[in-house]
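**Student:** Residue-level listing of the chains:
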Amino acid sequence: MNSFTFTQAAAVDAAVREKASHDGAAYIGGGTNLVDLMKENVARPTHLIGLKKLGLDTIENTPDGGLRLGALATNADTAYHPEVISRYPLLNQAILAGASPQLRNMATDAGNLMQRTRCYYFYDLATPCNKREPGTGCSAIGGYNRVCGILGTSDSCIATHPSDMCVALAALDTIVRVSGPNGERTIKFEDFHRLPGNHPERDNTLEPGELITGLDLPKKGFSENFSYLKLRDRSSYAFALVSVAAALELDGNTIKDARLALGGVAHKPWRDQAAEAMLVGQPATADTFRRVAAKVLENAKGYGENTFKIELAKRAIVRALKQATEMKEAVDTNAFLNSNP
Amino acid sequence: MTHVTQAPLGKAPATLAPTQPVSLRINGQDRTLHIAPWTTLLDALREYLDLTGTKKGCDHGQCGACTVLVDGRRVNSCLSLAVMQEGSEIQTIEGLGSEAQLSPLQQAFIDHDAFQCGYCTPGQICSAQGLINEGKATTEAEVRELMSGNLCRCGAYSNILSAVMEVVGNSKS
Numbered sequence: 101m102n103s104f105t106f107t108q109a110a111a112v113d114a115a116v117r118e119k120a121s122h123d124g125a126a127y128i129g130g131g132t133n134l135v136d137l138m139k140e141n142v143a144r145p146t147h148l149i150g151l152k153k154l155g156l157d158t159i160e161n162t163p164d165g166g167l168r169l170g171a172l173a174t175n176a177d178t179a180y181h182p183e184v185i186s187r188y189p190l191l192n193q194a195i196l197a198g199a200s201p202q203l204r205n206m207a208t209d210a211g212n213l214m215q216r217t218r219c220y221y222f223y224d225l226a227t228p229c230n231k232r233e234p235g236t237g238c239s240a241i242g243g244y245n246r247v248c249g250i251l252g253t254s255d256s257c258i259a260t261h262p263s264d265m266c267v268a269l270a271a272l273d274t275i276v277r278v279s280g281p282n283g284e285r286t287i288k289f290e291d292f293h294r295l296p297g298n299h300p301e302r303d304n305t306l307e308p309g310e311l312i313t314g315l316d317l318p319k320k321g322f323s324e325n326f327s328y329l330k331l332r333d334r335s336s337y338a339f340a341l342v343s344v345a346a347a348l349e350l351d352g353n354t355i356k357d358a359r360l361a362l363g364g365v366a367h368k369p370w371r372d373q374a375a376e377a378m379l380v381g382q383p384a385t386a387d388t389f390r391r392v393a394a395k396v397l398e399n400a401k402g403y404g405e406n407t408f409k410i411e412l413a414k415r416a417i418v419r420a421l422k423q424a425t426e427m428k429e430a431v432d433t434n435a436f437l438n439s440n441p
Numbered sequence: 006m007t008h009v010t011q012a013p014l015g016k017a018p019a020t021l022a023p024t025q026p027v028s029l030r031i032n033g034q035d036r037t038l039h040i041a042p043w044t045t046l047l048d049a050l051r052e053y054l055d056l057t058g059t060k061k062g063c064d065h066g067q068c069g070a071c072t073v074l075v076d077g078r079r080v081n082s083c084l085s086l087a088v089m090q091e092g093s094e095i096q097t098i099e100g101l102g103s104e105a106q107l108s109p110l111q112q113a114f115i116d117h118d119a120f121q122c123g124y125c126t127p128g129q130i131c132s133a134q135g136l137i138n139e140g141k142a143t144t145e146a147e148v149r150e151l152m153s154g155n156l157c158r159c160g161a162y163s164n165i166l167s168a169v170m171e172v173v174g175n176s177k178s
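For the record, the sequence lines run as chains A and B. Going by our numbering, the letters in the first sequence line up with residues 101 to 441, in that order. Going by our numbering, the letters in the second sequence line up with residues 6 to 178, in that order.
These are computed hints drawn from the structure, not numbers from a lab. A quick note: this is a predicted structure, and the numbers were derived from the prediction, not measured. A hint or two may mislead.
[What the hints assert, rightly or not] Listed next, the in silico EDC-like pairs over lysine to aspartate or glutamate satisfying Cα-Cα at most 20 Å (straight line):
(1) A:K153 <-> B:D76
(2) A:K153 <-> B:E94
(3) A:K288 <-> A:E307
(4) A:K153 <-> B:E91
(5) A:K152 <-> B:E91
(6) B:K61 <-> A:E140
(7) A:K139 <-> B:E52
(8) A:K428 <-> A:E324
Put together the whole structure using the sequences plus the hints.
**Tutor:** Right, here's the structure in full:
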């Protein structure tokens, strides 16, 4: 790890000012990804701004019937919050499908959005990587790319965003609240992360110095019919090869409203609103789900080792939508974790 | 209050790194360290406080050998900077029990032969204590899932599971 200085920020505006006054400064929440990237010399901040004393760790109802997650609430506190369990069980499932209990106890909700890809080449300083060193090339294209993306990729980068939590946040129409040198603003979740294009070094649309302060969930939580299906190489503590957040509002067997987002397939949580529109008004049948799945993967592109993800994603979409419709049993391996002590 | 100097135990620093004070409560004792900001909590425990029960396995948050309890919650001490933990209460394997009086988990690990080489054991036990504090796991499937952050290369998982289940069962009754 390279040398750096550390200061604990006392307030949001002080943190923002501190960042603006130091070249090479970075905010640090739980540190679970940033400290690791610093050990690997992938991230080399010269100054760290600790956020632990800012508060921002509460989870509170909002006047419009939604729920505000403080930026510094831990993933564990969020997943096990009674309002999340009862009103946003899709989010509960997605969070508990990711990482380990230790990491979820440390990692913050804002940090979950800010984590970087786990593409092998991003971590391997001996190889070119446009995300790590712009302009050097992408080693994953034509290389070991089993974990890489199949949707929205570019010739510059085929990395994926690794989060489970963010797939549910995307499906649930979350709003990201940020503070920066130019004041406060909100960003729609689907606009927060970006596709790689020619600038894969930019993961998101935050302006320099901006700090996430909270995540606002709208009132509608799809708590009756939902599924977070995660497919991975081992049954726990592994990143998704493909994951699907599916949420339905049903009137009998007819779909009144739908949400569909995928993880493990793109540079951002892949929400497909055209597919959602295709579901509305249709019967909740395997036939409907297969047509929608084909549409979602219509423009998918495999890169050899990861080409299997295209068929896997189609089948995962059908299965997740079926699980969300039927709600028969534990809809994934983590559902039993919802029980309170 | 014990003050610890900036050099790791038994080692003379080549150059003096800029240090800053960090106050922690470790296993019930207030300690103030003067350390470089890049010192992880794991290295602070092992190199500056001689608490070598906590192990460095992968040093990347993947194996769980470095698990300790911070304010009662299990965390990977290798991924936390000590300066981020100012004012926190840290409990390590040394603080869970003593040779004269083992903690229930320590005794259960012996009774169930829940280790071979023993390197992952302090992390397994601290993680299991965190799991019990959380109170989310009662069945074997739940314990398996919520202990998945701790790897055992000897593969002693079945006996680790038995040991943890015994204490989980007792803590419920």
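**Student:** Quick check: which numbered hints come out false for this structure?
**Tutor:** none
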